[in-house]
Structure formats: structure tokens, C-alpha cells
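Whole structure, please, built from the sequences with the hints as guidance.
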Amino acid sequence: MSRVLIVEDETHLATGLQFNLQAEGHSARIAGDGETALDLLLAKHEEFDALVLDIMLPGKDGFEVANQLRAARNFIPILILTARARPEDVLKGFASGADDYVAKPFELPIFLARLQGLLRRRAWMQQAPAGQHSPQAPDQGSDSSGQEFGTFAFSGRTIDFGNLELRTNGTTTHLTVMEAELLRYLIRHRGQVVSRKSILEEVWGLREDTDTRAIDNFIVRLRRYIEDDPERPQHLLTVRGVGYRFEAEPD
Numbered sequence: 012m013s014r015v016l017i018v019e020d021e022t023h024l025a026t027g028l029q030f031n032l033q034a035e036g037h038s039a040r041i042a043g044d045g046e047t048a049l050d051l052l053l054a055k056h057e058e059f060d061a062l063v064l065d066i067m068l069p070g071k072d073g074f075e076v077a078n079q080l081r082a083a084r085n086f087i088p089i090l091i092l093t094a095r096a097r098p099e100d101v102l103k104g105f106a107s108g109a110d111d112y113v114a115k116p117f118e119l120p121i122f123l124a125r126l127q128g129l130l131r132r133r134a135w136m137q138q139a140p141a142g143q144h145s146p147q148a149p150d151q152g153s154d155s156s157g158q159e160f161g162t163f164a165f166s167g168r169t170i171d172f173g174n175l176e177l178r179t180n181g182t183t184t185h186l187t188v189m190e191a192e193l194l195r196y197l198i199r200h201r202g203q204v205v206s207r208k209s210i211l212e213e214v215w216g217l218r219e220d221t222d223t224r225a226i227d228n229f230i231v232r233l234r235r236y237i238e239d240d241p242e243r244p245q246h247l248l249t250v251r252g253v254g255y256r257f258e259a260e261p262d
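Going left to right, the sequence shown walks through residues 12 to 262 as the numbering used here numbers them.
Honestly, I wouldn't trust all of these hints.
[Said to hold, decoys possible] 25 Å max Cα-Cα, derived DMTMM-like pairs, lysine to aspartate or glutamate: (1) K103 with E192; (2) K103 with E21; (3) K103 with E35; (4) K103 with E260; (5) K71 with E35; (6) K103 with E46; (7) K208 with E99; (8) K55 with E21; (9) K55 with D20; (10) K208 with E242; (11) K208 with D227; (12) K103 with E118; (13) K71 with E99; (14) K71 with E57; (15) K115 with E75; (16) K55 with E99; (17) K103 with D20; (18) K208 with E238; (19) K208 with E192; (20) K115 with E238; (21) K115 with E46; (22) K208 with E258; (23) K115 with D100; (24) K71 with E58; (25) K115 with E176; (26) K71 with E46; (27) K115 with D44; (28) K55 with E75; (29) K55 with D44; (30) K71 with D50; (31) K208 with D100; (32) K55 with D72; (33) K71 with D44.
Hints in this document: simulated from the structure, not taken from any laboratory.
Structure follows, in C-alpha cells:
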């Protein structure tokens, strides 16, 4: 049974979601504002498998809640549920550390499918095969059975997709699911130029005319994780006017 925390100030919507999640076999608890959610997750350290988070909340909004959770190294999967569904807001949510979103008004089956997908993806990543794959392997990110790799090693760094960790010289950096998905996509296409358009569509599922500045912000953050000198990247390179290219072993 998965435990879900619903952070929503519209009582009728929150109770409706709780009822339907319980009908699907989940345990669901409601917090009416961001401060209560942060108290449960950070102060009381209660365990939940996913967080359904509204953006427009009294007091601290959903963006701030997500930012504080990630800053406190709490990496619970976050599904944003919001009427602020402009692509810019969606990308701002991802930049805050969210993993997926559903726009209000929504159809219940869509919401349940997206939440279940997030729970399933989290569980799948934790159970992914643990064998390392050479950066020069020709499979572009899959083993011989077609499964995604569980870890990827390059230049003294190891990305553990199962545990959402980047390990470098004894230091461990925790990744959000979305950060791990972006790294996985770039690594799968290593040595190739990846356009911003393809990142928007394949990683975030957004249309191609969306403002791409949030992608650039994600890249800046990933460079802080994987580069010796983020100002002079060797692995995550910008291809001006097109997008990015990942190089595992730069010349």
C-alpha cells in the first residue's frame, strides 16, 4: 500500500482525492497548507511514497514547499496539481524539484494514471539492474535485454539511477526523479546533439514552443553536480542554437 500526502486547500477537492485514492488501495492524508506539509515531512519525518501538491496555497505556495523539501534533501516524488498550467509554470515546478504535473480541471482517471506512473517509476528505478555499463558501450543506455541501465560510470563519477544518487570521490549528491530522467536521456544519446525541443517533448512531455529557459536552468544545476569546473564544462556541452551534447570521456 502506497502512502500519499495531499496538499490542497480546497476541502471538497482534497476529500474527493482522498476517497478515490483509498478506493484504489492507497493510504491518503490531507494537509491544508504548505506549512503543515513541511511539518509532517521535515519536522515529524513521517514517511510518504508520493506528494500531491497544489501550487496556490495559503502561506507558502507549492513552489516554495518543493524547494524547501529538496533543500532539506527530502526526495519524495512530487506530483503538482494546479490551475496554473502554463508551460512556464510547469517548468518552474520542475525546476523547484517536482517530478510530474496535472492541470486543473482534470479527469480523475488521468490523475490516477499519472500518480500511479510516478509511483511505478520510482519503484522501477529502485529495482533497476545494478550492473555498471561502460561509457563506450554501443547500447546507448540499455543492456542486452533492453532494460535501462541501473548505474552509469564516467570519469570517476557514478550515477546510480536506482537510488537517485551521483557519487563522486566519496561525495554523494541526491537527484530528483526528473534530474535523473534528464541525465538518463542525455546519457542514452551520449555523443549526439540533443535539441531543446526533444528534451521538452521526450523528458517533460511539453510542446515545442515552450520557453526553454527552464531547461537551461536544469543544465546549469546538472553541471554543478558533474563538472569539475561548471563554468568550463567538459561533459555537458552547449551546442549553440541547438541544444546540448553529453560526452562521457572528453578528449
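Now for the hints, and whether the structure bears them out:
{"no.": "1", "hint": "K103 with E192", "in the structure": "17 Å, holds"}
{"no.": "2", "hint": "K103 with E21", "in the structure": "22 Å, holds"}
{"no.": "3", "hint": "K103 with E35", "in the structure": "30 Å, violated"}
{"no.": "4", "hint": "K103 with E260", "in the structure": "32 Å, violated"}
{"no.": "5", "hint": "K71 with E35", "in the structure": "30 Å, violated"}
{"no.": "6", "hint": "K103 with E46", "in the structure": "20 Å, holds"}
{"no.": "7", "hint": "K208 with E99", "in the structure": "15 Å, holds"}
{"no.": "8", "hint": "K55 with E21", "in the structure": "24 Å, holds"}
{"no.": "9", "hint": "K55 with D20", "in the structure": "21 Å, holds"}
{"no.": "10", "hint": "K208 with E242", "in the structure": "24 Å, holds"}
{"no.": "11", "hint": "K208 with D227", "in the structure": "12 Å, holds"}
{"no.": "12", "hint": "K103 with E118", "in the structure": "23 Å, holds"}
{"no.": "13", "hint": "K71 with E99", "in the structure": "19 Å, holds"}
{"no.": "14", "hint": "K71 with E57", "in the structure": "20 Å, holds"}
{"no.": "15", "hint": "K115 with E75", "in the structure": "20 Å, holds"}
{"no.": "16", "hint": "K55 with E99", "in the structure": "33 Å, violated"}
{"no.": "17", "hint": "K103 with D20", "in the structure": "21 Å, holds"}
{"no.": "18", "hint": "K208 with E238", "in the structure": "24 Å, holds"}
{"no.": "19", "hint": "K208 with E192", "in the structure": "16 Å, holds"}
{"no.": "20", "hint": "K115 with E238", "in the structure": "39 Å, violated"}
{"no.": "21", "hint": "K115 with E46", "in the structure": "22 Å, holds"}
{"no.": "22", "hint": "K208 with E258", "in the structure": "20 Å, holds"}
{"no.": "23", "hint": "K115 with D100", "in the structure": "13 Å, holds"}
{"no.": "24", "hint": "K71 with E58", "in the structure": "21 Å, holds"}
{"no.": "25", "hint": "K115 with E176", "in the structure": "32 Å, violated"}
{"no.": "26", "hint": "K71 with E46", "in the structure": "7 Å, holds"}
{"no.": "27", "hint": "K115 with D44", "in the structure": "18 Å, holds"}
{"no.": "28", "hint": "K55 with E75", "in the structure": "19 Å, holds"}
{"no.": "29", "hint": "K55 with D44", "in the structure": "16 Å, holds"}
{"no.": "30", "hint": "K71 with D50", "in the structure": "12 Å, holds"}
{"no.": "31", "hint": "K208 with D100", "in the structure": "18 Å, holds"}
{"no.": "32", "hint": "K55 with D72", "in the structure": "20 Å, holds"}
{"no.": "33", "hint": "K71 with D44", "in the structure": "7 Å, holds"}
The structure is inconsistent with the numbered hints 3, 4, 5, 16, 20 and 25, although it conforms to all the rest.
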